[in-house]
Amino acid sequence: MIIAIHQPNYLPYLGFFDKMKRSDIFVIYDDAQFNSRDFQHRNKIRTSKGWQWLTVPVEKKPVPIKEITIKNNVDWSSVHFTAIRANYLKTPYYSVYENEIRRIYEMRYEKLIDLNMNLIHFLMKAFKIDTKILYASDLGFTSKSTERLLEITDALGGDVYLSGPKGRDYMDVSLFEKKGIKVEFQNFKHPTYKQRYEGFVPNMASIDALFNVGGFPNE
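Residue numbers (this note's numbering): 288 to 506.
To be clear, the hints were calculated from the coordinates, so they are not data collected in a lab. All of these numbers come straight from a predicted model, not from anything done at the bench. We put the CB at the ideal spot given by N, CA and C, even for glycine. Any given hint might turn out to be false.
Said to hold, decoys possible - Here are the computed lysine to any residue pairs in the SDA-like style, where the Cα-Cα straight-line distance is at most 20 Å:
1) LYS331 x VAL488
2) LYS358 x PHE368
3) LYS398 x ARG329
4) LYS453 x ILE289
5) LYS308 x PHE472
6) LYS331 x SER364
7) LYS415 x PRO504
8) LYS331 x ASP305
9) LYS308 x LYS412
10) LYS308 x TYR422
11) LYS331 x ARG483
12) LYS308 x ASP417
Claimed, not checked - Here are the simulated distance ranges between beta carbons:
13) GLY501 x LYS466: 23 to 31 Å
14) VAL350 x LEU421: 39 to 47 Å
15) PRO379 x LYS348: 21 to 29 Å
16) TRP340 x LYS453: 18 to 26 Å
17) ASP417 x PRO344: 42 to 50 Å
18) LYS431 x VAL361: 44 to 52 Å
19) ARG455 x SER365: 36 to 44 Å
20) TYR484 x LYS453: 43 to 51 Å
21) SER323 x LEU421: 32 to 40 Å
Let the hints inform the model, and build the full structure from the sequences given.
What follows is the structure, encoded as structure tokens:
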């Protein structure tokens, strides 16, 4: 049983879904501390000038991601949808998904987690990923760092914990070894595919791949 754990990012890049595809259970780390320098409320889309950020305005407080509220005093949603439509309208598969992506952006959200999970579920369906999704906050653990990851993996019956590559920098792998749980580190190689604009820029929001090639690339 392979368990992976990840924060609920905004418009996640392909590596997020690669990790999900490789897992039997994918735990949304919704009670991790919000990090404004990460991808929890922003991501990049491809443009004729290279790329641009799409950033959801939020109340930046030292609280768990699930408690982060969106600043709805600015019309961020129509700005994001307009930017997406302008840059992907002429891609081969944008029209297939336009109604659904429009519907998501026309909804009103108070919490960032609700927006992010709507987009994540939309992309899971589009990429035909049926991995089971659970939420860390529902599991009741309050420990930190490696101990938390271990407790979640063990409680779910995992014999393999799939970590992102940055886990090498902070995880105490020996704690997993003592429990007889193997740690594997994701080795995601970003695929190259034809984008609308000349050249290839990797690590965009995964809607870039969806709209350009109609699914998860190289499948």
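Next on the checklist: Please check whether GLY501 and LYS466 have a Cβ separation lying inside 23 to 31 Å.
Outcome noted: 41 Å Cβ-Cβ, so the 23 to 31 Å window is violated.
Next on the checklist: Between the alpha carbons of LYS358 and PHE368, is the straight-line distance 20 Å or under?
Outcome noted: The given pair, whose Cα atoms are some 17 Å apart, holds under the 20 Å limit.
Checklist entry - Taking the beta carbons of ASP417 and PRO344, is their distance inside 42 to 50 Å? => result Since ASP417 and PRO344 have Cβ atoms about 33 Å apart, the given range 42 to 50 Å is violated.
Checklist entry - Are the Cα positions of LYS331 and ARG483 separated by 20 Å at most? => result Between LYS331 and ARG483 the Cα gap is close to 15 Å, so the pair holds against 20 Å.
Checklist entry - Is it true that the CA of LYS398 sits at most 20 Å from the CA of ARG329? => result 14 Å, holds
Checklist entry - Taking 44 to 52 Å as the hint, is the beta-carbon distance of LYS431 and VAL361 inside that range? => result 34 Å, violated
Checklist entry - Are the Cα atoms of LYS453 and ILE289 separated by 20 Å or less? => result 18 Å, holds
Checklist entry - Are the Cα atoms of LYS308 and ASP417 separated by 20 Å or less? => result Answer holds: LYS308 to ASP417 is near 8 Å, not above 20 Å.
Next on the checklist: Checking one constraint from the list: CA of LYS331 to CA of VAL488, max 20 Å. Satisfied?
Outcome noted: Within the cut-off at roughly 10 Å; holds.
Item to check | LYS453 and TRP340 - C-beta distance against the hinted 18 to 26 Å | outcome: 21 Å, holds
Checklist entry - How does the Cβ-Cβ distance of TYR484 and LYS453 compare with 43 to 51 Å: does it lie in that range? => result 29 Å, violated
Checklist entry - Is 21 to 29 Å a correct range for the gap between the Cβ atoms of PRO379 and LYS348? => result With Cβ atoms ~41 Å apart, the hint is violated.
Hint compliance for this structure: hints 13, 14, 15, 17, 18, 20 and 21 are not met, and every other hint is.
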